[in-house]
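Work out the full structure: start from the sequences and follow the hints.
There are 2 protein chains.
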Amino acid sequence: MNAMETLNKKIKETDCRIVAGLDPTVEILPVYMQGKIASSSDKAWEEAKVIEEFCRDYIWTISDIVPAIKINSAFFEKEYLQPVFRNVARYAKSLNLYVIGDLKRADIGSTSKAYAEAWLGEDQPFDAITINPYFGTDGVKPLIETAVENEKGVFVLVKTSNDSSAEIQDQVIFESRNPVYHEVAHLVNMWGASVSDGYYYNPVGAVVGATHPKDAELLRTYMKNTMFLVPGYGAQGATAKDVAVNFDQNGLGAIVNSSRGLMCAYKKGKYKEFVGQFGKGWEEATRLACLDAKEDINNAL
Amino acid sequence: MNAMETLNKKIKETDCRIVAGLDPTVEILPVYMQGKIASSSDKAWEEAKVIEEFCRDYIWTISDIVPAIKINSAFFEKEYLQPVFRNVARYAKSLNLYVIGDLKRADIGSTSKAYAEAWLGEDQPFDAITINPYFGTDGVKPLIETAVENEKGVFVLVKTSNDSSAEIQDQVIFESRNPVYHEVAHLVNMWGASVSDGYYYNPVGAVVGATHPKDAELLRTYMKNTMFLVPGYGAQGATAKDVAVNFDQNGLGAIVNSSRGLMCAYKKGKYKEFVGQFGKGWEEATRLACLDAKEDINNAL
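One line per chain: the protein sequences are A and B, in this order. Just so you know, we're using this note's numbering here: the first sequence kicks off at 559 and counts up by one. Just so you know, we're using this note's numbering here: the second sequence kicks off at 559 and counts up by one.
Since the hints were derived computationally from the structure, they do not count as laboratory data. Any given hint might turn out to be false.
Identical chains blur together in the list; that is why a pair holds if it fits in one copy or across any two.
Unchecked claim - Taking lysine-lysine pairs in the PhoX-like style, the calculated list, with each CA pair at most 25 Å apart, reads:
1) K636 / K699
2) K594 / K671
3) K607 / K671
4) K826 / K671
5) K636 / K607
6) K636 / K651
7) K636 / K671
8) K671 / K601
9) K782 / K636
10) K799 / K567
11) K570 / K828
12) K782 / K852
13) K825 / K671
14) K828 / K601
All figures in this text were calculated on a predicted structure; none of them were measured in a lab.
Put into structure tokens, the structure is as follows:
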């Protein structure tokens, strides 16, 4: 089964369209965890230990709700945090979650091959990774090929969720009168078709920001066989209604990321009451926020 | 002094416009080194050890010729190679070389901040890193700000050296009638101007592929205050004449990458005779190829 079909299957099984994102920083940790780091004589070692503990608890507490987890590499690239990234990914895999490595890598072909070997090898705990399209076909080909070989997938940045995404991505192309991100969508369609394997959704997915619902609606029509990874719900401002346009008529074909909305639930309104002194019990807040997000999106479909 | 002035100063001191690139794979290693890995009972451990040895010897052998070294992260992202990346960068720093971390990172702002802290912190052995512009201003801002705070720089991908770079980068924009990479150049100019500090070259550089000399010539005129990092010379096909257009009238403002041309010199034509059995003595071939490349480019200016 290809990587996107696997993801759709897990979405059906859980009836949940949320991918729980992990973007951990010391600042977002519950106070009792921050305290452990502050009082340690080896802060780097303690930070790595505490961040890993937080990630594992976070994954455990929602592992029976969500189909997938997305771990953002950026938050694990300090020297002492690098091993934590794959440790956490492996833990999520061991709980039968679909694991997305949010890496946003790309380079010229010979170099992309090295990225592919590092992250999409058979022994790696990632079902899919995110990649950047700026280099064009020869830059992404080794990543796509290695992914397909190992029944894995990629999500190519098409339209990102941030405010400045328009600066390059929305520039209108002279020849086609379409914005740049639409040209990228066209490339993603071609890349996907080139490795299509008979399943409705091919192994080449797209990152489509929830903060631009009109663009997403167009892209859903244009990219029929492309699985969407949808960031921007919650903390970045997009609502369930905004993200609903990314799904097909069966309520599949997309997965919505929530990172800060789940990680920081313990700080927020109605979830606060489940949390004890110094943030103890934050897991319950995360769990409830996750169940609410699941329902919020399912109700909007 | 800002990071690009430092680089220009080192170029003047060495009268060399080559940045020696490190993209090491097992396949390019001299046979005697490959043999160590093949015969080891712990191949991953041995590979890390041998790759680090190769990188250190490579850096040592050219450290009195070149002003700078560029280390590509992709070749160090396997789990057991990750620590080698910073080890090698620190070694190059200790030899007083300018160190470029070829990372090509970018994400939305809050995530780019994490990348910035991981790679551009004061304690990190990188004078500059490469970044990807696809997210626009808010995605690159934290990287640029952190770089400037620590007297470091960034090189933003503008026009890449690979064949498929045209697919997105050369699309002509409706409004401006300029290609996408020219819009990116415009953004890079703005980003650079926003952190300009009175030096002619500001801390925001550009990656401009040597394989498109006409584009580079235009960009040199358009991006007067931008330092260029120029890949594509040698193995990718660009000649010294092709890269000459990237320099200003003082022969500064650009640095030309050579990776495979130096790493694999021991396999090639006239350099072969300096190499013993099983590739022993490859360092001498690298050194001579580096001196030739230096002269080749200086003669073309």
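Comparing the hints with the structure gives:
1. K636 / K699: between (29 Å within a copy, 19 Å between copies)
2. K594 / K671: between (40 Å within a copy, 24 Å between copies)
3. K607 / K671: between (32 Å within a copy, 22 Å between copies)
4. K826 / K671: So K826 and K671 pass the 25 Å test across copies only (24 Å; inside, 43 Å).
5. K636 / K607: Both: 13 Å inside a copy, 21 Å across copies.
6. K636 / K651: both (23 Å within a copy, 18 Å between copies)
7. K636 / K671: both (24 Å within a copy, 12 Å between copies)
8. K671 / K601: between (36 Å within a copy, 20 Å between copies)
9. K782 / K636: neither (39 Å within a copy, 34 Å between copies)
10. K799 / K567: Result: close within a single copy only, 23 Å intra versus 56 Å inter.
11. K570 / K828: neither (29 Å within a copy, 63 Å between copies)
12. K782 / K852: Intra 24 Å, inter 52 Å, cutoff 25 Å: intra-copy only.
13. K825 / K671: between (42 Å within a copy, 22 Å between copies)
14. K828 / K601: Answer is neither: 33 Å inside a copy and 53 Å across each miss the 25 Å cutoff.
Violation of the numbered hints given earlier is confined to hints 9, 11 and 14; the remaining hints are satisfied by the structure.
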